[in-house]
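A.B. asks: Got two chains here, each in a separate frame; can you build the complex from them with the hints?
If you read the sequences in order, they're chains A and B. Counting from 0, one number per residue, gives the positions in the first sequence under numbering that gives the first Met the number 0. Counting from 0, one number per residue, gives the positions in the second sequence under numbering that gives the first Met the number 0.
Where hints are given, some of them may not hold.
[What the hints assert, rightly or not] Pairs of lysine to aspartate or glutamate, DMTMM-like flavour, derived with a Cα cap of 20 Å:
| no. | chain 1 | residue 1 | chain 2 | residue 2 |
| --- | --- | --- | --- | --- |
| 1 | B | Lys381 | A | Glu263 |
| 2 | B | Lys381 | A | Glu266 |
| 3 | A | Lys85 | A | Glu35 |
| 4 | B | Lys381 | A | Asp270 |
I should point out that these hints are in silico values taken from the structure, not numbers from a laboratory.
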Amino acid sequence: MRVIVVGAGEVGRAIATNLEQSHDVVVIDRNEETVEELTYSLDVLALRGDGTELETLREAGVEQTDLVIACTDSDETNLVVCGSVKTVTDAFTIARVRRRTLLETWEGAQSAFGVDFMVCTDLLTAQAIFRICGLPAAQDVDMFAGGLVRMAEFHIRPESPVANESIQEADRYDSLTFAGIFRDDELIVATGETVIQPDDRLVVIGSPDSVAEFAADATTAPDDDLDEIVIIGGSEIGYQAALEFESHGYSPRLIEQDPDRARELAEALPDTLVLESDATDLEFLAREHVDEADVIVAALDSDEKNLLVSLLGRRLGVDRTIAVIENLEYADLFQRVGIDVAVNPREETAEEIVRFTRTRRAEKVVMLEHDRAEVIEFEVDADSALLGDSIEEVVAELPDGVVVGAISRGGKRITPRGTTVVQPGDHVVLFVDARVLEEVLEAI
Amino acid sequence: MRRLHVDWRAGSSLVGTILAAVSLSFVVPIVVALVYGETDLWVFVASAILTAVVGLALRRLDPDPDPGAREAFFVVAMSWLLVAVFGAVPYVLAGNGSVAHPVNALFESMSGFTTTGATVMEDISFDTHSRSMLLWRQLTQWLGGMGIIVLAVAILSQLAVGGAQLMEAETPGPGVSKLTPHIAETARVLWIAYVGLTVLYIALLYAAHLLGYAPNMDLYNAIAHGFTTLPTGGFSPEARSIEAFSPLVQWLVVPFMFAAGVNFVLWWHVISGDWRTLLRDNEFRLYLGVVTGLSIVATVVLFLSTLETPETGQIGGNLERSARYATFQIASVTNSTGYANMDFDAWSGPAKAVLLFAMFVGGSTGSTGGGIKVLRWLVILKTFRRELFTAIHPDAVRPVRMNGRVLDEEAVRGIYAFTLLYLVIFFVGVALFAIDAARVGFEIELLDVISASIATLGNIGPGLGTVTGPMGGYVDFPTSSKLLMVCFMWIGRLEIFPVLVLLTRAYWQR
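So here's chain B without its partners, still in its complex pose (with noise of 0.2 Å):
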């Protein structure tokens, strides 16, 4: 039968699975809390039970859920969002710190699960937050790091028609290139790379604290820094983020930040013994030029600087350092993870205009990196080149290539779409918080409201600024403000169109 309108009870529904799929993940919190004998055990139990609640409740809309094109939209959309909703519910539950409050609770809890990293905690320690809390925070950034449709429809069979879809709308960079006939192996495929990779970075975190060279780093530490690194997500147990540890732990979470930002699909290839492939692929050769490119120009930057830091002493002047600050951040910006291993803040003018360049550059397509995505970039910059040879050449028919392959020339022009509408929303963003900021005479700078703007929709987290920075945290924002961040750092997760298709009345009339 075809539809005219969209069936709201079949999406509805299938929400209501992925919800009550999603509130198996309270087991981790609630296994941590009772190594640790934490009162918090209640209320990862009582979450657990008001998602799964709900969720079985949304399903029983619609025993048998036949999801079209436009569902897949409603599905993806409003998971997300619900997820956010419930994933907030311990927060507000245990009652401590400024996450208590609702608002602050939604917009950690979307933060994470968009692996934005932004923050509104005021206070990271385990005096004020229990460690199975701060566990659940980093949790939720590695269940959205591959994303939870992928997640669901690499274990719900129910999911294994619409699947595709599903996933398309969950990422809809250009395409999803499907490994395998079946699109739940495709989700399974790449979830075993995420895995795969999750825990050799934990085991070598472990490893280097066993063999003396990263004292922070225990067990514990090992695996909430593993929960967010490979989701570029950039939340930490440590209020000083990865500063916290030793140097040598700090190069190693460099080549992983980096490695989350490629498109996994590459890195199934490597595990399958095939190097050339991701050799060979014209987006992680941008991606890996880029990173380089700025890294070097950043160190240049920080080396010829007077910055110093009370930790570690001197940095300009010392290559060891500004190097290990400049790759770091570098990597951690372009791809949207948002560690830091210093207070960038206090970086100079020239150092911070390469680090904001680097927060619209994104990560791969296929990664877990938020932002506009490289792939974007080389279509554009192939564009571009091409505009002036046909100046030249006003005859000639030159394809746009990605990888040998031709590009549509509809999907070029999709790239134009979005890239521009990220702009724009972007502008839109910055005019928003600051009226917003002056409506209630909160005192910020230029640069902390346009680093709030493309912090939250690229889903990168710190921003430049006192407030936005790294060792700052949004939650002297105003509330209007926050919510609305909320809204950007959903929209930016979802590549922008799922959402604002549902803002159309073209969706919900025919």
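Only chain A is shown next, with the shape it has when bound in the complex (with noise of 0.2 Å):
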């Protein structure tokens, strides 16, 4: 397939990199240096050039191309990216925003602008926030089958009962998958001799509840619900988390140092109090009673300022830390030193963008720990390879590192054992090893 991304920021890139050994990849960028990176470091086409301009899309052979991306930082480029594009040819077109009411206005008409499919990247992080906050000791959180499914990411700490058993041992709970274990750079694809160890990152799969007694089980954290949510700066993503918290019933607080922001979000937000401050002041957060927070989400506008807010959070007493991190390179040192679980957009943004480049286009696709690993939700059809026998054999047919996680069929779960057989038409939920998952996507 041959897909054209206009934009190489760090979404642009991540794409083209995810995109690059499988499809026809043109990049476009208007900086020249940019450019002439790209073409040597990844292995795709990089043109210099305006994307809203029909030459410029005629030249990256925009009339032959399947899937047009426009993901540069500017929320109105990559609209008119999009509807220049659909002035020449049918392809399937993706834009991403900022802006949440340009995504209400698209999802209001569907193709609005020209645009097939909207990703907000800021929404999409705030809703991975919301999602990781309601699971305790969660890093990562996700729903497939319109919510019949869960999957999740435990830090399996040393106290955990779970810690030293093997998954054979540790499967007591009802339909909950042991899916794979990260430990340190390695991934583990789950078999029952696997033997899960203090420090390991265990990926489960399984109904919603039966995620949910296992962390509150498998994990030492506090098991009190949560209730206070302290969201500190008032960018974009603190404002979305906070609306996100909103619509789903709970009263954080939002604290912004600029005043009016601070006042603009206050009456943006009704149900939020809004705390105009120096969040690194101690004296305020002892007033406020910070460190009885359950969680603190640190969305200012700089990694740095996120590291330092989540550890004084971490010295005042806070339960859990939350912080948006932009740079994917530290994301993983800033773990390591102190906060909870790293968000970051681009990662959220990308998974959003990639499920459409599957060439069986997948309902969902979830990355983890950096793409060496991926999630993915699909409705199986009548050529399947997954179709037939047992799982047990078809698994066996397939290359190593594939665990179906779920199947949901005609609206009901179904806890996959060895011997059940999938039916054309049911939804299935794998975890794939990243290095396997072209062969596999292949396959199935």
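C.D. replies: Printed below as a string of structure tokens:
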């Protein structure tokens, strides 16, 4: 498939990297140096030019292209790119926007602006923050099959009851599948004999209830309910996160230093307590009892500041710290020194976009640990390799590194066992090692 | 051209236009006088001609007026003053009873147009006054209810441009909500809702009469009360006010008095089939809550009292009567209607205290009710809550919201300024009325003085006490006090600022 990516920022680059092997990728960017650098670092065709101009698009071969992804930093540019593409071809267009109001307009009239799919980066990040907050000790949480199936990644501490147990021993939860383990830089696809070690990151897939039960049991996180949420930083992500919490009935607190922005936020968020202060002011934090928060979300405009306030929160005794980290390289480091969860806006965006590049259109794609493994959901059709025999036999024919996490059939969840037989129309949630991803995608 | 001084010619011309338009309303008493064959016919014909002539003469001062923001205050304040002056002419010309005295006539006329409902008529009966005269008195309230400026904007194409400013100056509550792009259309919408409710009300009253449930409520009375209920006026051609009618009529009046205190924009929504806007409105909910709450309190107080009336007998211990008198009186006083279904001056101390409290509430913004208005209290209560909250969280940023929308801090300050000024004027009034009474040796009680001040400033009408009570009258006050009350009614109706602005030096200079 031929794909044009307009804008070689972090998102564009992440998408191009993900697609370079399996597709013909053309990247358009206005910056000469970026184009030069891309030409040598990635196996893609990099072009210099303005993606809103038809001439540039033609040069990139827009007429033979199946998918155009507009992910520059400007919302308007992205919309114009999609509109321009639609004047000459029917290629599927994806636009990345920051402003939520644009997304709402688009949702109200699908294919408005000539956009076939719109991704709102900050909203996706805010939604990820909300999902992760809802599950104690989770590092990553996602929903599949319309909410029937939940995937979560947990950090297993030494005190956890499942630490040093084999998967077989730990398997005492109804409708829960242990999919894989991340140990340092290694990915282990779970088998019955695999032993869960302290400091592993364990990926489980199952019903929302069983995942929550496992979270409460196996992680030693304080199990009290989430009611004190403190968001630090009134950036667009901080605002969207507060909105997300509000819409689920929570009343978070939001700390913003700039008086005008604080006022603006207070006006826009009726159920949020907006506090105008410097979040690193210890006296203020003590006065507002921030130490008693169940979770703090650091959404300031720099990764370093987010690390600082997270560490500060940690020292005060906050149960959990979630930070927005833009730079992927920092994410691991920061998680190691004290942030419980680092949420990366680009990764959230890339997940949404990548699923459109799959030849068999996946219903949903979640990348784990910077795409070392993926959890994908797709609908099984008549010529899938998964059909016919029991799962045990089918999986044996697939490359190593695949786990069937869950199946939903006619809106009901089925816990996959070795003897289960997949039927056409089933929605299957698979955990796949990224190294064998292409092979698996081919087969299924 | 930018003007550095107020263009009083343009202003006067517009006042003249409005006056000429108002002169047309004399048609109603003229028709009534013809129907009943009354000699007051010539009184109204003469008044109409005089008003029209003066109005048209003023209009000639500037054939093509171009009013600005400054002129709006002038036009509004002067229109109300002159309309009241010319509305007083028939009382003087007819020469019957106490209102024949020019000051009393002006008082009665101002009380009518401002929908205050305080009266200086000593004898309210057809023996002293003609039916056409008493209906004119009722009609002044109906004209003043929705506002003569709103009426003028609705019917005079000349006011299409400056209309929004004029309407804003007439009802300076927090903002005229334009329902439609054209201000004249908004004014028309408000008047249609007003006329519609009035017609419905008259029809119900007369239907009750035809069905035999309201012996005294003949067509004349139905129309007369229709003219004064929806403008929250309070005048009645019956000396005993609503007490003269059956319990059914009294119960029927309550919801319409209540409705008159609700923002008419909301009624327009209801007429267009949208109840939710009404039910979700913060001001309406507080207004409903206050009226319901005070009614319950007053009902309990009356039920526990040993109060009796000569007409209906024991009130205390009788739930229907306690509820009827309490609900009626609270609904009447809260939004400044001023009807009485009994002499509430006879109520016990606690019950009167509840009524005095209700006098300070007022109607809703955009309603015909007077007083401080519910919205202002709501904003003040919300800022109180914010103060308490920020005492605990000093860094919290808390905007004040009204119907979910954020209220500008400047508007909040304006509301505080208004309320404080209102209370200051009220206290000054209490002092001045007391001093004036002492000057002429007029025996009066404190409660009378207090309620004279609030009842005229808040356009309520009857107060508490033997003199100002519902069965008393303001006629015994010294002439100087009555003139002051005329001013109070005037500035109270226009919500203080348009009149006070005219008294500042800055207004006349530049």
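A.B. asks: Do the alpha carbons of A:Lys85 and A:Glu35 lie within 20 Å of each other, as the hint requires?
C.D. replies: Cα-Cα ~28 Å, so violated.
A.B. asks: Within 20 Å, alpha carbon to alpha carbon, are B:Lys381 and A:Glu266?
C.D. replies: 15 Å, holds
A.B. asks: Measure nothing beyond the straight line between the CA atoms of B:Lys381 and A:Glu263; if it is 20 Å or shorter, mark the hint as holding.
C.D. replies: 19 Å, holds
A.B. asks: Keeping to a limit of 20 Å between CA atoms, is the pair of B:Lys381 and A:Asp270 held or broken?
C.D. replies: At roughly 15 Å apart (the allowed maximum being 20 Å), A:Asp270 and B:Lys381 satisfy the hint.
The structure shown violates just one earlier hint, number 3.
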